[in-house]
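Novice: Required output: the full structure, derived from the provided sequences and hints.
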Amino acid sequence: MTSRLRQIAAIHFGFRVKYTLEQVAHYRALAERRPDLIARLAPHLRSGRLEFAGGFASTLELNLPHGESLVRNQSLGLRWLRAQWDIAPATAYTVDTFGHPAQFPQVFRQFGFRHLLTSRAGGDRTEDLFLARGLDGSTLVTACWHTYAAYVRPENIAEIFYSDWTTLEPLFDKAAALRGPGPYLVIPYTENEAPVSLRAFAVAAARAKTHPDETWHVSTPADFFAALDATPRALPQVCADLNPEFTGCFSNRTALRLRNRAIEALLLDAEVATALARQADAGRAAGVKTLESAWWDLALVQFHDVLTGSHPTPVYHEAMALLERAEHSARAALRRALAPSNQSTAASTASTSSIATASAAAPEAPAALLVGNGLPWARREWVSLPGGYTVAVDLPPSGSVLLDPPSGAPSAPALIAVGSAVLENAFIRLEADDALGLRRLVWKPTGATVLADAGALLVAQHDSGNFQIEQPESAEIAAASGPLRLARRDLGEDGHQLVLAGEFPPLAWAGAGAHLSWELTFTLRPDRPALDLAVRLDWRGEATRVRLRLPTGLDTGSAIHEVPFGTVRRQAYTPRANARGEWPVQRWAALEDGVHGLALANTGVAGVETLGGTLFTTLLRAPVAEYVGMVPDRTSSQHGEHAFEFALLPYAGSWREAGLIRLAQALNHPPRVWPLAVRPVAAQVASFAPAGLTLEGDPSVVFSCAKPADDGGAAIIVRVYEGAGVPARARLRLNGLCEVFPEDLREGRLPSSPLLVQDEAVDFSLRPFEILTLRLVRPL
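Those letters in the sequence shown? Residues 1 to 780, by the working numbering.
Take the hints with a grain of salt, since some may be wrong.
As the list claims (entries may be wrong) - For lysine-lysine, the following DSS-like pairs were computed, each having C-alpha atoms within a straight-line distance of at most 30 Å: (1) K18 to K289; (2) K174 to K209; (3) K174 to K18.
Stated by the list, open to error - Computed beta-carbon distance windows for the label pairs: (4) R82 to P526: 51 to 59 Å; (5) A205 to R634: 49 to 57 Å; (6) G713 to R325: 24 to 32 Å; (7) R569 to P170: 37 to 45 Å; (8) R440 to A365: 14 to 22 Å; (9) S752 to A205: 45 to 53 Å.
I should point out that these hints are in silico values taken from the structure, not numbers from a laboratory.
Here a beta-carbon is modelled for each residue, glycine too, at the ideal position from N, C-alpha and C.
Specialist: Put into structure tokens, the structure is as follows:
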């Protein structure tokens, strides 16, 4: 509802109720169950009494999912609305999501939106109507009401979350107090907790009679922004890194986010294989349909309250089941794209952390193994194979290699208990002992110590908060204050491992029977400038948060954080009403002081806090307080065993030249392993390694996706972006490439000319933080 208070120009007030709809997934499901109801909505959508805002498949969490999940979510919703009702939302809409990444203006502008209605722009914002300026300079007119904002000065928006009539009358007193130039946005807002009330419209009609200086108009978001556009005014510009109120959410039900990250990567790899495979039209169409089904499932999981852990236990189980279904769909698409028609493969793919086993129809001993690479550059990876083998494999860009199954018994390097030990290669020296744990991490090219006296890297703290608000109390207890055990394993030519294990001392606040044991495995490969870190926790208890702690000693009070489609530098998070310290990141965060740096790459644990050169990330939380009806239980306390994978990258100079982007991508896109029932003949081998897509260029050019075009044609859509804020150049190469067209995120042709293709390759440049979508055409 909008009002133009104290304006001379009158706007007709008619008691004609209008509603705003969101989240296409609900209506897609309704169309399957009750197509008659969907048909009844059509005339109201055409008349304007119903308006779809945003058009997201679901109101997803914007910070934690991959940027491509945001694009798929928006694209799925918009395409369904166009196909079902031939409508296109006019306004972007992200109400109730827990903050916004800094690239959202560019993303929404590429989808055709100029305006955004939202909430929760951050507790230190003061404006409620502004231009959100993205990393690349794109701007978006943003109207935002604030929840838990300590400093906001409402000038244009009055909002109340109502549960009954008594909370509606004060809304109009708030509206009368607004002092901006207008128009104003007056919002009686509710969710599923309460039925829609007509009381607000009755109050507005009454005020129209008793306050002749006020003119009221029942409206939708598009109406408000049209009135705003008709009243030219200079809006303040605000950095679009509008980050979340609810940091505690990022560490509830960690298993869900780890699974989400793994399935995202699997889906993206399946898209690459499907796009590049030389399939008949029917095979390609089946693969595309299977992938689309998986993205719809992922959209439901990535709803903001679900993915952040702010939900009851039954929802958690439903989300995990949806992820399992999405995984099955992704594996089916991969199998269809990679395996020739006369081959039988296992029913699942594998990675270095999850090994596939042959299906019941496949022989116990495979005839061959197919190892695939979903990234568009060659890489050497250590791959775990069925039977307990680990081998180093040279993988081609976005292609596959065939391996003979290893013969003989797999070697099982002994784990030898030691009092002290060193891991060392040409780049890194790690020193540890069983008295204090990790002593030093040295970057050997310069001799600099980037971690010192780090202990066991783990700390636990009393946390008496609820599902959405952390409430840490007292000092953190270090894992190294309990008993330690140190062991070393020699992997031969594949490197070495140190295993540090122990148990926290009793945590008095955690309840009877509480325990927290842990194991850290450090793996150093001979040609790798990064240290792999696997963390295992066995936890039972309450009222606790467990964090990874990296005391770098670097002289910095800020950190570089990867966000969807870019990077930002942030200072330490200022504690506020329900914000306690951790910023969300995508795949990595880095601390550096201009001379040296240390980066932490993650596989789904995405909350990071920086304090005085120390980096923290929460692994587990066990809330103890009820929050809006959600009662803590075993799933929210996260009892049981948990496994996490990280990579530590020390470096000299800047992260931009350290290879960090590709390191984090490789960590999240492990090789995929398929056992084959029949070894292919030479003429069939090419079908296992489809025409590889290769990306070369400046290190800040980030590969985002390669996918089949949404229009059902044979074109391949490739998306890249510049992730470091500097101009960059790159080259894409694809066998048979003949034409390349720039497009927007809707896969609509841009007015610019086609790019020049020479020798099956195209060169292009990127502006700082530009997201670039290219349509690649090759002969059928």
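Novice: Next, verify each hint and record whether it holds.
Specialist: How the hints compare with the structure:
Taking the CA atoms of K18 and K289, the gap is about 35 Å. The hint is violated against a cut of 30 Å. For the given pair, K174 sits about 18 Å from K209 by alpha-carbon distance, which is consistent with the 30 Å threshold. For a cut-off of 30 Å, the pair hint linking K174 to K18 stands: about 22 Å separates their Cα positions. Restraint check, R82 to P526: a C-beta distance of roughly 54 Å satisfies the suggested window 51 to 59 Å.
Distance hint for A205 and R634: a CB-CB separation of about 51 Å, consistent with the stated range 49 to 57 Å. The beta-carbon spacing between G713 and R325, approximately 28 Å, falls within the hinted interval of 24 to 32 Å. Checking the proposed 37 to 45 Å range against R569 and P170 shows it holds: the Cβ atoms sit about 41 Å from each other. A C-beta distance of roughly 46 Å is found between R440 and A365, which places it outside the suggested range of 14 to 22 Å.
One distance hint, 45 to 53 Å for the beta-carbon pair S752 and A205, holds here, with the actual separation near 51 Å.
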